[in-house]
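Visitor: These protein sequence lines map, in sequence, to chains A and B.
For the first sequence, counting from 1, position 430 maps to 430 in our numbering; every step adds exactly one.
For the second sequence, counting from 1, position 168 maps to 663 in our numbering; every step adds exactly one.
Because the hints were derived from the structure by calculation, they are not lab data.
It is possible that part of the hints are untrue.
Heads up, incomplete: computed chain B residues facing chain A, CB under 7 Å, no partners named [as the list claims (entries may be wrong)]:
no., residue
1, Thr508
2, Gly533
3, Ala535
4, Ile553
5, Asp620
6, Arg639
For clarity, every value in this text was computed on a predicted model and none was experimentally measured.
All C-beta atoms, glycine included, are put in the ideal place defined by N, C-alpha and C.
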Amino acid sequence: MTPVSKMSAVDLGMPALPHAPRGVGHLRGDRSFPDAARDALRDGQLRANLGHATTTIRAKRAAVVGEVPDWPQLRAAGKAIKAATMARLDEHLIMLEEQVTARGGTVHWARDANEANAIVTRLVQATGADEVVKVKSMATQEIGLNEALEAAGIPAYETDLAELIVQLGHDSPSHILVPAIHKNRAEIREIFLREMPGVDPSLTDDPRRLAMAARAHLREKFLRAKVAISGANFAVAATGTLAVVESEGNGRMCLTLPRTLITVMGIEKLVPTWQDLEVFLQLLPRSSTGERMNPYTSLWTGVTPGDGPQEFHLVLVDNGRTAVLADEVGREALHCIRCSACLNVCPVYERAGGHSYGSVYPGPIGAVLSPQLTGVEDNASLPFASSLCGACYDACPVAIDIPSILVHLRAEHVEAQQHLTPEAVAFRSLSKVMSNPRLWRLAQKAAGLGRLLARGRPTLPAALPPPASAWTRTRDLPTPPRETFTQAWAREHGQ
Amino acid sequence: MKVSLFATCLVDTLVPQVARATATLLERLGHEVVVPPGQACCGQMHVNTGYRREAVPIVANHVRAFAGADAVVAPSGSCVASIHHQQAEVLRRAGETGLADEAAALAERTYELSQFLVDVLGVTDVGAYYPHRVTYHPTCHSLRLLRVGDRPLTLLRAVRGLDLVELPAADQCCGFGGTFAVKNADTSTAMLTDKMANVLSTSAEVCTAGDASCLMHIGGGLSRLRSGTRTVHLAEILASTEEAVSPSQSTTPAVPR
């Protein structure tokens, strides 16, 4: 054995698994969460819209989840199926590829957003089409596919009502399920009047009128489109079947009318069998829209001559997922079925809104998924954007322990620092003090001297230097007592 | 029963009357209270801020300080939850497997106050008297990590003179979240504002909870607004009796500072 191979027993010399590349897609914000949230919190209309919407969805979800007697068992099954699938993801993916290919589809593998965008652009160009219609898809938002197609001169029309609102408004989605949750109907009416060609100028903010306007606008695009692009909620490896779950029927139109269908899917979205799918089709609608069953569930397998798309491409995207899978704690984030129940119960999301997260995946799941896909240092403020209240974990239909992953990623961030930060100095010093009873008593005595600042008042002054000012700007701090409890007790008990 | 009291670093240093009330209450119920002098902190703040390596000696100190204790009680759902869910894991990750097993065993004998009273001692009426209008905030870690459920409410309902009013949207976080309150001060304050609005809507004189940390947050906001509604820890209410009532009862806690 050479010394080199002996060394490789310690360091296998494997390159670090790649994260989602910079400069493409929508996983990174240009500001930190606290910074972006500071502005969002001042937007009273946003707070009202979000508060109203999340309260409504929370109540609907609670009602339909509460009526399922075996919900805890279903949830445990969902978690177990996901864990087992991820443990043998490579085998299931190859099975999926074989099945899709055998049934007339073509599978493409994309290491990252750039590769996926290039594959889809090439596929669209090969059909000769100069535009595409799209089913709502998180994966294509993640990789920035619309922008890539636009750059190639191919307009991509979003057909989900909320995605259409966001696209027409030159805005970005702020919720996984309800991308335009930050807009109310009056704002939507304004966007339609401004951006929708040929819209009836007497349009009101009546939801039905707004939906009918969108319907008329989209119908023409559905009938004209030669290529549709979708995401996938699930793929069944055993038969190569893809599944899209939706509410509006726009998905059904896209999946059946155009001649060519291109589906872009993250590699973690597959389930091994139809029996597994059954569990998720119960968990997903109740957790997401608060419905017993969603209005449209479309399932397709390869191509069928004379029926539906005659050309089907499946683009499997990694974009950092393999790196997530390598993290024993963080990999649970890949179990997510994008229901957004965690967003709707999150007190931080409800107030700061989705855009503060800077990623297409906002809320609690976004705070654990985005930093893992990009590498923690590219989204370092997100794991800290939580009070760790745990409401997300309780609501998650596949029981992802989001608070524990948040805490884990905070440590990953702290441990990735090359230079000693003032915070690290403070925490290290405090660690020495808090692990030594004698030093701790001294430190407590020193803290007690803070009472001198109060000059006999029950609270400390509001104007304290940083970092205490971050607290005292909006909250009083109690004046420390003359004596701690443990000191008083020791004195009284002669210790 | 011999009960070891874990005051917690925050209570011991900033609100010692909460630990005093816990000791007073347990002694009144006929139990022997010991306060291990080596105690400091459970390590939660370090773990939750990302300093899990630096938390290891703190957790080790905690395990040493309470070695041999039959039962440990703390007036904090959050610290007890950290002892149950984080301590052994932090030690195990650092390779301290032996100590991790000790921590896990100690966690089995560590209780949040309301759980200890109701589940271990089997009491719901602790003989307290507290003639005030009170609303209860179920702190997140008590609610979701420890699942204390309605134990604190059961204890409060048995307090003579106490007028318990329901807190709207009680299960919503107050926005404290440890260092979250400082790192995301604006979002934290927005959450606090909504919590205070709900507390004030009850017209309660007192907002109580099982965690001094969350109460320091809510109380810090209420005090800044000069709202007149104050925060009092559950232990202080349960420690109050007719004999302990002072003329200044309506403005200061029954247990003297």
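Visitor: With reference to the structure, classify each hint as holding or not holding.
Guide: Against the structure, the hints come out as follows:
A least Cβ separation of about 5 Å between B/Thr508 and chain A falls short of the 7 Å threshold, and the interface hint therefore holds. The restraint placing B/Gly533 at the interface with chain A holds, with a minimum CB-CB distance near 4 Å, inside the 7 Å limit. For B/Ala535, the interface hint holds, since its Cβ comes within 7 Å of a Cβ in chain A; the closest pair sits about 4 Å apart. The beta carbon of B/Ile553 is positioned within 7 Å of a beta carbon in chain A (closest approach about 5 Å), and the interface hint is therefore held.
At a threshold of 7 Å, the smallest CB-CB gap from B/Asp620 to chain A is about 26 Å, leaving the interface hint violated. Interface hint at B/Arg639: satisfied, since its Cβ lies 4 Å from the closest Cβ of chain A, which is below the 7 Å cut-off.
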